[in-house]
Amino acid sequence: MTLSEEELAEERTGPGPARAAPPSRLRVVTGRFFASRQGRLGFAVLAVLVALACAGPLFSPWAYTDKDFLAFLRPPSAAHWFGTSQTGADVYAMTLRGMRRSLLVGLLAALVSTALAALVGAFAGYFLGWTDRVLSRLTDLLLVLPAFLILAIMSPLFGAGQWPLFVLMLALFLWMVTSKITRGMTISLKQREFVQAARYMGVPPMKIIFSHVLPNLSSLLIVDATLNVSAAILTETSLSYFGFGIQPPDVSLGTLIADGSRTAVYAPWTFWFAAGLLVITVLAVNLVGDALRDAFDPTARRSR
Amino acid sequence: MAGFLARRLLGSVLLVAVAASLAYLLAAGALDPRANYADRTPKPPPAVVDARLTELNLNDRTPLLRRYLTWAGGVLHGDFGRSVTGTPVGEDLARRAGVTFRLVLLGLVCGSVLGVLCGAYAAVRQYGWFDRLSTAAAFVLLAVPVVVLANGAILAGTWANDQVFGHRVLLVGGEYTAGLDAGFWGSLLDRLRHLALPTITLSLGLIAVFSRYQRTMMLDVLGADFIRTAMAKGLSRRRALIRHGLRTALIPVVTYFAFTTGALLTGATFTEKIFGWHGLGERLISSIFTNDVNTVAAIACLAAVAVLCASFAADALHALLDPRVLDARVRGAG
Numbered sequence: 001m002t003l004s005e006e007e008l009a010e011e012r013t014g015p016g017p018a019r020a021a022p023p024s025r026l027r028v029v030t031g032r033f034f035a036s037r038q039g040r041l042g043f044a045v046l047a048v049l050v051a052l053a054c055a056g057p058l059f060s061p062w063a064y065t066d067k068d069f070l071a072f073l074r075p076p077s078a079a080h081w082f083g084t085s086q087t088g089a090d091v092y093a094m095t096l097r098g099m100r101r102s103l104l105v106g107l108l109a110a111l112v113s114t115a116l117a118a119l120v121g122a123f124a125g126y127f128l129g130w131t132d133r134v135l136s137r138l139t140d141l142l143l144v145l146p147a148f149l150i151l152a153i154m155s156p157l158f159g160a161g162q163w164p165l166f167v168l169m170l171a172l173f174l175w176m177v178t179s180k181i182t183r184g185m186t187i188s189l190k191q192r193e194f195v196q197a198a199r200y201m202g203v204p205p206m207k208i209i210f211s212h213v214l215p216n217l218s219s220l221l222i223v224d225a226t227l228n229v230s231a232a233i234l235t236e237t238s239l240s241y242f243g244f245g246i247q248p249p250d251v252s253l254g255t256l257i258a259d260g261s262r263t264a265v266y267a268p269w270t271f272w273f274a275a276g277l278l279v280i281t282v283l284a285v286n287l288v289g290d291a292l293r294d295a296f297d298p299t300a301r302r303s304r
Numbered sequence: 001m002a003g004f005l006a007r008r009l010l011g012s013v014l015l016v017a018v019a020a021s022l023a024y025l026l027a028a029g030a031l032d033p034r035a036n037y038a039d040r041t042p043k044p045p046p047a048v049v050d051a052r053l054t055e056l057n058l059n060d061r062t063p064l065l066r067r068y069l070t071w072a073g074g075v076l077h078g079d080f081g082r083s084v085t086g087t088p089v090g091e092d093l094a095r096r097a098g099v100t101f102r103l104v105l106l107g108l109v110c111g112s113v114l115g116v117l118c119g120a121y122a123a124v125r126q127y128g129w130f131d132r133l134s135t136a137a138a139f140v141l142l143a144v145p146v147v148v149l150a151n152g153a154i155l156a157g158t159w160a161n162d163q164v165f166g167h168r169v170l171l172v173g174g175e176y177t178a179g180l181d182a183g184f185w186g187s188l189l190d191r192l193r194h195l196a197l198p199t200i201t202l203s204l205g206l207i208a209v210f211s212r213y214q215r216t217m218m219l220d221v222l223g224a225d226f227i228r229t230a231m232a233k234g235l236s237r238r239r240a241l242i243r244h245g246l247r248t249a250l251i252p253v254v255t256y257f258a259f260t261t262g263a264l265l266t267g268a269t270f271t272e273k274i275f276g277w278h279g280l281g282e283r284l285i286s287s288i289f290t291n292d293v294n295t296v297a298a299i300a301c302l303a304a305v306a307v308l309c310a311s312f313a314a315d316a317l318h319a320l321l322d323p324r325v326l327d328a329r330v331r332g333a334g
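Line order of the protein sequences matches chains A and B. For the first sequence, position 262 (counting from the first letter as 1) is numbered 262 according to the UniProt record's numbering, and the numbering increases by one without interruption. For the second sequence, position 66 (counting from the first letter as 1) is numbered 66 according to the UniProt record's numbering, and the numbering increases by one without interruption.
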């Protein structure tokens, strides 16, 4: 939909009070999102995966902690849909459980990191001066520190059941670049009339940031949060692969891939189900993020 | 200009110092070298363990601040302390940096050159079959984590050895065959056979990123006036695209290249670990498992230096290719 068509549509639906509700920004963006093929595809795949991760374990007689001592390293069969691992654990149950954990970690880490990026960037850009200097230094420092190293050092703290702490640490190393962009955009937003007007009317700075600045950055932040999900999932996988992330007895896709890669040559099912699902998940999240970006800013599409 | 550079340099040095100190304090606080002696048989007497740890500046009974000052004093003199086994950290890391360099160099060159070419070609033939294919491939590759890619490469290599070549052509694990005596060409071939799979792993990811990046930049440039002018002047489309289009589109990509190079120094961790190359990245992981505080801090310091050098190099290259940047910066800095 081009801009002129949109205006036409707005005019047509706008004046009549009894007609359908006027096209809100949300509805326009949703419409554009589902009009694109990659948006539909990514959303559908993601929905299926989430449904599978939540409801899938209910259909299997095995729990992820169960061991079948009559079947070690068996290929997929009617009893074990994805086969069994070296210890006799059901790969189907473990993979779904791992996917649930990975999805949860990815979503939460992305939310926390985007919120952090928005706050730090908006505060630095709005107040400038010393606030900006301190926050920008902090951002630079975290950019320079090797995230993998710090997360790995902290790994003894992420013992069993401590995964929320892991999520927080993961988020702590994902927000820097976005916060720099947010800062730049806040500085330019601050010059706009509506922010100036609010300031001269005596609206407190906190209220300006939360009700005028941040809502105007929402499109950037939403897209960023989506893409952060895939970044968080990939980081989590890599850390867990080396034993620095999710700790046993809990499983994630990373720990499953690590275990599976040892037996992958003669028992491919221990590796490829987890690896395949991980790739599909990240791919779907990336597709959704890309489609969202196009939906928020249709003019950007042509240059990409 | 000199003042601007000096101020930036000072800021960077401070940033490295803070980052390295923070990494040391974190590592010294979280890692426990004493645990290394706990499950040795026969169990060494506590006094001996204490003496050894103090000698290595790893004793957790010394106050953290004093340990930090000893370490920082050493670093200022270029001494990164000693590892848990008593070997100097600096020497070990210097040797390993060489290994990492040999591993990353070929992958980086292959990845960036092929990526740029793919992206440029895809942009020129926008929405052609190559564009669609490379876009889809890049999307899939960007979703594959390095651990899966590396393990996939190993599996594919094993399969190719069995089914295609009939004997072991592609070697998995290590940098070269130990004790091989085959003259210069023989050992070079041996090294290449070891290098093939890790290089493919490294370059595939880079090709995906670089081709996306280059395609975007190239598309921006293609519609620009100066391309039209160049063609109006009588240059063929091919010449105009290569001489004027590609060169302009390369500017932001060069910036990205510098950052990638800096990050890959320690970022090849997964590739190194999985293919058994004894480089910096592998040391990073093993040093955490062996509670090797000094090595961890040294690697963190090195990584910070690498990132800042890369950002300097990126700025310099950018200014070199695009004179407007330099003018704006110098004026902006006053």
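Hints in this document: simulated from the structure, not taken from any laboratory. Note that the structure is a prediction, hence the values are computed from the model and not measured. Misleading hints may appear alongside valid ones.
Unchecked claim - Only some residues are given here: those of chain A computed to face chain B with a beta carbon under 10 Å:
(1) 34
(2) 38
(3) 56
(4) 58
(5) 70
(6) 111
(7) 112
(8) 115
(9) 290
Said to hold, decoys possible - Footprint (simulated), chain B over chain A, 3 or more residues, beta carbon under 8 Å:
(10) 89 to 103
(11) 139 to 148
(12) 183 to 191
(13) 207 to 217
All C-beta atoms, glycine included, are put in the ideal place defined by N, C-alpha and C.
Hint check results:
Given the 10 Å rule on beta carbons, the hint for residue 34(A) is violated: about 19 Å separates it from the nearest Cβ of chain B. Given hint, residue 38(A) at the interface with chain B, holds; its Cβ is 9 Å from that chain's nearest Cβ, closer than 10 Å. For residue 56(A), the interface hint is violated, the least distance from its beta-carbon to any beta-carbon of chain B being 21 Å, above 10 Å. For residue 58(A), the suggested interface contact is broken, since its CB lies about 28 Å from the closest CB of chain B, more than 10 Å.
Nearest Cβ of chain B to the Cβ of residue 70(A): about 28 Å, over the 10 Å cut. The hint is violated. With a cut of 10 Å, the hint placing residue 111(A) at the interface with chain B is violated, because the nearest CB-to-CB distance is about 21 Å. The interface hint given for residue 112(A) is broken, as the beta carbon of that residue sits about 20 Å from the closest beta carbon of chain B, more than 10 Å. Because the beta carbon of residue 115(A) sits about 24 Å from the nearest beta carbon in chain B, more than 10 Å, this interface hint is broken.
Residue-level restraint check for residue 290(A) holds (minimum Cβ-Cβ distance to chain B is 8 Å; threshold 10 Å). Coverage of a stretch by a chain is defined here by at least three residues with a beta carbon nearer than 8 Å to that chain's beta carbons; for the segment 89 to 103 of chain A and chain B the count is 0, and the condition is violated. Counting residues of the segment 139 to 148 of chain A whose CB lies closer than 8 Å to any CB of chain B gives 7, which reaches the minimum of 3, so the coverage claim holds. Against chain B, the segment 183 to 191 of chain A contributes 0 residues with a C-beta closer than 8 Å to a partner C-beta. That does not satisfy the three-residue criterion, and the hint is violated.
Closer than 8 Å: that is the beta-carbon criterion, and the segment 207 to 217 of chain A has 0 residues meeting it against chain B, so the requirement of 3 is violated.
The structure fails to meet hints 1, 3, 4, 5, 6, 7, 8, 10, 12 and 13 from the earlier list, while all remaining hints are met.
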